[in-house]
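Make the full structure from the sequences, and use the hints.
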Amino acid sequence: MNFASPFSLALIAIVALTLLGLPIGHAMIGGSILYLWLAGLDMGTAAEQLLNGMYSSYILLAIPLFILAAEFMNSGSIMDRLLSFCNALVGRWRGGLAHVNVVQSIIFAGMSGSALADAASSGKLMQVLMTKDGKYPAAFAAALTAVSSVIGPIIPPSIPMVLYALISDTSIGYLFLGGFIPGILIGAVQMGWIAYVARKRNFPVERAVPLRELPRVTWEALPALLMPVILFGCLYSGITTPTEAAAAAAAYALLASAFIYGGVTGRSIYNSLMTSARITISIGMLIAGALVFNYVVTVENIPRTLAAILKTYELSPAGFLIFANIVLLLLGCFLEGTTILLVFVPVLLPTAHALGIDPVHFGVVAVVNIMIGLITPPYGLLLFLMMKIADVTLADLVREVLPFLVVMVAALAVITFVPDTVLFLPRLMGYKG
Amino acid sequence: MRSFLSRAGAWLYRRAENVIALLLGIMFLAFIATIVGRYVFNYPTGAMYELTVVVWLWMVLWGAAFVLKESEEIRFDLVYSAVGPRVRRVMGIILSAALLILYGASLPGAYKYVTFMKVERTDYLHIRRDYLYSIYILFLVAILARYAVLLWRELRGKGEEAADPTKVSSGL
Chain A
306 MNFASPFSLA LIAIVALTLL GLPIGHAMIG GSILYLWLAG LDMGTAAEQL LNGMYSSYIL
366 LAIPLFILAA EFMNSGSIMD RLLSFCNALV GRWRGGLAHV NVVQSIIFAG MSGSALADAA
426 SSGKLMQVLM TKDGKYPAAF AAALTAVSSV IGPIIPPSIP MVLYALISDT SIGYLFLGGF
486 IPGILIGAVQ MGWIAYVARK RNFPVERAVP LRELPRVTWE ALPALLMPVI LFGCLYSGIT
546 TPTEAAAAAA AYALLASAFI YGGVTGRSIY NSLMTSARIT ISIGMLIAGA LVFNYVVTVE
606 NIPRTLAAIL KTYELSPAGF LIFANIVLLL LGCFLEGTTI LLVFVPVLLP TAHALGIDPV
666 HFGVVAVVNI MIGLITPPYG LLLFLMMKIA DVTLADLVRE VLPFLVVMVA ALAVITFVPD
726 TVLFLPRLMG YKG
Chain B
144 MRSFLSRAGA WLYRRAENVI ALLLGIMFLA FIATIVGRYV FNYPTGAMYE LTVVVWLWMV
204 LWGAAFVLKE SEEIRFDLVY SAVGPRVRRV MGIILSAALL ILYGASLPGA YKYVTFMKVE
264 RTDYLHIRRD YLYSIYILFL VAILARYAVL LWRELRGKGE EAADPTKVSS GL
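Those protein sequence lines, which keep their order, are chains A and B. Take my numbering: the last position of the first sequence gets the number 738, and nothing is skipped along the way. Take my numbering: the last position of the second sequence gets the number 315, and nothing is skipped along the way.
Simulated from the structure, these hints should not be mistaken for lab results. We treat Cβ as the ideally placed atom computed from N, Cα and C, and that holds for glycine. Treat the hints with care, since some could be wrong.
Think about it this way: if two alpha-carbon atoms lie no more than 20 Å apart in a straight line, the pair counts; the simulated SDA-like pairs of lysine to any residue are [what the hints assert, rightly or not]:
id: 1; chain 1: A; residue 1: 429; chain 2: A; residue 2: 385
id: 2; chain 1: B; residue 1: 212; chain 2: A; residue 2: 575
id: 3; chain 1: B; residue 1: 261; chain 2: A; residue 2: 360
Here chain A is said to cover these stretches of chain B; the calculated rule only asks that three of the stretch's residues, wherever they fall, bring their Cβ under 8 Å from a Cβ of chain A [to be verified]:
id: 4; region: 155-164
id: 5; region: 169-176
id: 6; region: 182-196
id: 7; region: 217-223
The structure is reproduced here in structure tokens:
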């Protein structure tokens, strides 16, 4: 590799600007402009790539709509009813509230596509409930909310999967289906670990809810529980496109919270729109930067070159998957998820393709990796969020997170090496892969 | 005079915020109209489809130009938050200057591309492409102005505070 080539210099510029603290989207656009400049190409190409790329990425419109749907659903009374429903199901077990935390995340995952949204919406409430009367140590409660939130974008809907669908030209519908079993699996290993420590540390049991009350509790939570049904009904019946399904889910969430749960005002709708728009714009700038930079990467033929290099090592598909997992987990310790997904995963894709790895399987594995990256120190956004919500130190939090991390990486290994965990449901629905 | 200016600035900022909420609202309604239009009225929905992508493009670039605060941008802040105020100031000066040079250098080419697109119109709504894409020029100029101010502040030693790591991410 020539270090004075326009591409190397552009790459160095992007890394340097990012390390200096320039927003990553701007760093990628700036570095790409530098490349065009040094290579003597038309610098208007940056504008052309960004504008045409954004304008033709219809699929990305699902992102603001999924965020909006979760915002509309995210009112206090809905969360209360969901929690009583989960409590009726698993509260009677030892470590009941801890199990409730995981089950709530699994259900909420069916409404929201973002782990941070999950932790932010239920984190505070769960922290108060779990640490009341000293039931659970604060650090354990906070760690649990952080790790269970990871399930959010693995079980559909999922914002990272929308991004993966964009970079890999894979069907959103099949990707979403592929996330179901891995998401449940991760929830299950978390609950397995809870069951183990609950005995060892003698965690409390909640007052058992009589079974005859279960129908009432379910009925009260039903409008919230129905949202995933609406979403997937629209998606898989072919009534709507995936993006439209996101809009239908948002419309349902708005109607449900207005007519059934109450408390919707013009002001609250405006605030939901504003919050969703702001998050969308942050992600959108990163996408814009990645579109321009990926043009440069394609012009330079980088993914193919890397595929050729990796080929000389004669990696087996399993060897490549191990390599990809390690790279993605390491990147997740330092980088933020969208960046990994938009910059590094496209580089790995051609090799995965050449080795005959299924793109839906690879996508779900990549997303699980990136989600685990949200709870790995030193840079784990869910850790930062829970430190703030629960007022615990990073060291205490990490100590409680580590065992969960171990069982989750074990689950990741299963998802990686048993492709059927991902592909069973998509194939059932007609996926030819 | 000073307080009038900052009041006017705050007023303008709230209006810029209104625009992104409005654009997202339009996008949401256009989607609902598409679904309802197709099944209830059996109405072709190309125009609504196009409206949603137009609104998406404008929302992201408008928001990035005028609404997004420094603390909301996705960035890598491990280094930035670990160094002292003096190093941070030098870093701020270098990155603002680099951005001004690069974005500034690309401005003529971008302007040429956008104005060249006047020959094309969108498929359904027949919007002239140079009008549609003009938001990019607005975006470039706004970002250049923002980083010029940032550079000026850093040079005079009145930099920004460290950003909050939970807010500088895409919030996946």
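Hints, verified against the model:
1. Restraint check for residue 429 of chain A and residue 385 of chain A: the C-alpha separation of about 12 Å stays at or below 20 Å, so the hint holds.
2. Restraint check: the Cα-Cα separation between residue 212 of chain B and residue 575 of chain A comes to about 19 Å, which is no more than 20 Å; the hinted pair holds.
3. A distance of roughly 16 Å separates the Cα atoms of residue 261 of chain B and residue 360 of chain A; the hinted pair therefore holds under the 20 Å criterion.
4. Remark: the region 155-164 of chain B is confirmed as covered by chain A, as 3 of its residues place a Cβ nearer than 8 Å to a Cβ of that chain, reaching the required three.
5. A stretch counts as covered by a chain when three or more of its residues have a beta carbon under 8 Å from one of that chain; for the region 169-176 of chain B and chain A the count is 4, and the coverage holds.
6. Beta-carbon proximity to chain A at under 8 Å applies to 4 residues in the region 182-196 of chain B; the threshold of 3 is reached and the given coverage holds.
7. Residues of the region 217-223 of chain B lying with their CB closer than 8 Å to a CB of chain A number 7, which satisfies the three-residue condition for coverage.
In the structure shown, no violation is registered for any of the earlier numbered hints.
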